[in-house]
Amino acid sequence: MEIPAELEARIDETITHYPVSKRSAVLPLLHLLQEHFGYISPETANWVAAKLDLQPINVLEVVTFYPMFRAAPPGRHHIRVCRTLSCAMAGSYRLLDDLCQMAKIERPKHAGHGTPFTVGEDGRFSIEFVECLASCGTAPVCMVNDDFYEGVNKEAAAQILEKYQ
Amino acid sequence: MVSLIKQPHARERRMIFKNVDRPGWKTDIDTYLEDGGYEELKKALTMSQPDVVNEVKASGLRGRGGAGFPCGVKWGFIKQDGPKPIYLICNADESEPGTFKDRYIIHQDPHQLIEGMVISCYAVNARLAYIYIRGEYPEGAKILERALAEARERGFLGKNILGSGFDCEIYVHRGAGAYICGEETGLIESLEGKRPYPRIKPPYFPAVLGLYQCPTIVNNVETLCHVKHIVRMGGAEYAKIGRPNNTGTRILCVSGDVQKPGYFEVEVGSLTMGELLYDICGGPKEGRKFKAIIPGGSSAKVLRADEKYKIKEKGTDGAMVDKEITFDQIPMDFDTLAAVGSMAGSGGVIVMDDSRDMVETLANINEFYAHESCGQCTPCREGSLWMQKITRRMVSGEGAKQDPAVLKSVADNIAGKTICAFGEACAWPTQSFVGKFREEFDAKAQKNVTPREVSDGVALREGRPVLVHDHEVAAASPGGVPKPDAPWELSNDSKAGHV
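The listed protein sequences correspond, in order, to chains A and B.
Number 71 in the working numbering belongs to position 71 of the first sequence; there are no gaps in the numbering.
Positions in the second sequence are counted from 1; adding 165 to them yields the working numbering.
Please note: incorrect hints may appear among the correct ones.
[As the list claims (entries may be wrong)] SDA-like cross-link-like pairs, simulated, lysine to any residue; straight-line CA separation at most 25 Å:
1) Lys-359(B) - Leu-7(A)
2) Lys-307(B) - Trp-190(B)
3) Lys-22(A) - Ala-372(B)
4) Lys-109(A) - Glu-547(B)
5) Lys-425(B) - Asp-518(B)
6) Lys-324(B) - Ala-9(A)
7) Lys-307(B) - Gly-151(A)
None of these hints come from the bench; they were simulated from the model.
Nothing here was measured: the structure is a model prediction, and the numbers come from that model.
Sequences and hints are given; from them, build the entire structure.
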């Protein structure tokens with residue numbers, strides 16, 4: 001596992017945000033590393049533990065609890081569709097089906113932990129059904145990577161997919 | 166970003182949302198300064214710290230995150246002369262389904278939040294603060310980080326702020342998709358780099374034993390923004406907005422089955438549910454009628470649109486008199502919503518019309534809570550999954566005759582029996598949906614089945630035999646597996662058999 005110098009510099013700077021306890025930097029470090037590697041491997045978790053003078057379990061228990069940390073690689077572009085009430089009422093279950101069909105991905109089972117997402121065969125997209133994205137007034141909503149989309153109908157979904165190759 | 170309604174409605178009073186959707190408004194510090202930004206910080210720094218706290222106390226400001234606790238009282242719990250440092254945390258986890266107000270403050274007016282935070286830090290003498298922002302707002306986190314850098318550059322943050330001698334640093338801390346991090350002690354655990362298992366109160370009141378076991382104030386984004394306006398107007402003047410004990414403005418977020426969903430900042434209690442849903446949100450969709458309203462985020466108890474509600478009102482002679490009102494006459498304030506059996510919560514109003522199946526609706530909500538239970542307390546960890554399992558089988562036509570009663574029994578055994586308020590949050594929807602729409606639940610619970618058959622059905626359909634164990638069946642029927650038709654219900658005693 002190789003950590004680029006630039007990333008490690010960001011990591012070191014982030015740790016300074018927590019002058020009282022380095023352990024507080026677990027989540028931000030996992031975010032930075034997941035952004036770089038796409039997921040958190042056991043090796044990555046161990047690296048974080050060593051970096052912050054923690055036992056590996058201290059990091060693993062965090063990785064396995066928080067739904068956003070992935071235990072396996074996603075596609076090149078990761079789609080999150082909101083499943084919760086207002087989005088569901090506005091058709092997010094249908095939106096998930098449409099996106100899966102258009103992106104040729106198996107429908108993910110349900111919001112969950114670890115690897116609740118599915119990845120398409122060509123690796124271009126992965127898709128996940130997530131809980132509330134907090135934009136209930138513009139439902140249904142989804143995210144592709146860090147980009148946020150509101151009021152997504154089937155036509156809009158097709159256009160959104162086109163943007164990510 | 167697609168926005169909802171660009172023009173504020175005539176009934177609105179925009180204070181916190183003044184700059185949201187404002188033409189030409191940008192998130193940079195120059196735009197904010199040209200608009201008189203950071204003037205309230207300058208003013209606050211000329212006041213004594215207790216004076217700022219007193220203004221907030223006088224304002225009557227109640228927390229906008231969900232519990233509605235008086236902000237000044239919370240601040241008053243902080244022991245300023247102790248040996249420990251004091252921390253302030255902005256709760257920007259905004260995870261209550263139906264709520265989406267903080268999103269717009271963070272994305273469109275970050276400096277208002279930062280100014281409110283620095284004033285609040287000064288008031289409670291906190292030198293280090295964190296904005297705990299939900300992981301699902303990556304753009305929001307970047308906007309805040311940029312805004313913090315700008316504020317630092319201009320001397321509104323960092324060492325010796327505006328020459329006052331007061332030092333304060335704020336950092337952004339991103340969550341990672343867990344609803345429980347919105348609970349203040351869970352949030353603190355998360356900020357300490359751990360699983361966000363909420364802490365038990367007492368002794369872990371954040372104001373006494375918070376972050377790193379030091380006195381800590383945790384306030385919602387909207388609450389902290391109000392502080393800026395309280396400093397501008399003075400607490401007494403601010404308290405004139407809204408209603409007694411329900412002061413200020415508040416942002417209501419409406420979603421679901423209305424013509425025009427969106428966010429609306431109004432004086433607290435200045436309008437009724439009917440005015441909000443009909444006049445501002447345009448009423449129900451074509452050919453539909455309102456059926457049910459969740460008034461304060463998905464954990465608030467549901468209200469039935471055709472029900473009469475009893476409230477107490479001050480009569481002409483000053484005495485309290487009973488009054489019966491319909492749902493549309495309910496004033497949208499903290500106290501009345503509590504009086505009719507629900508809560509103002511986080512201000513997230515979710516509306517269901519007569520096309521909605523209440524069992525399906527509850528099933529959706531139960532999926533959420535089953536996913537989000539942190540698993541620390543047994544009643545919630547087990548109960549949220551049982552409720553999920555039961556509503557799942559009801560929507561798929563496998564509902565057993567006993568199910569509505571079992572659902573209620575499970576919910577009753579969670580509320581009040583857990584470390585944090587998640588227990589209530591996950592029990593209230595089930596208690597209220599089953600209680601208020603019993604006929605719909607009974608209609609979907611027609612099968613004469615033994616528990617074993619029910620469990621197998623769920624296991625096969627979902628392809629995951631989660632929580633389908635013999636001991637569960639045994640727990641549900643202390644006298645052994647009952648014969649077909651035998652009614653069964655969980656009681657407190659039978660749960661003891663669950664290992």
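query = Against the structure shown, which of the earlier numbered hints fail to hold, in ascending order?
reply = none
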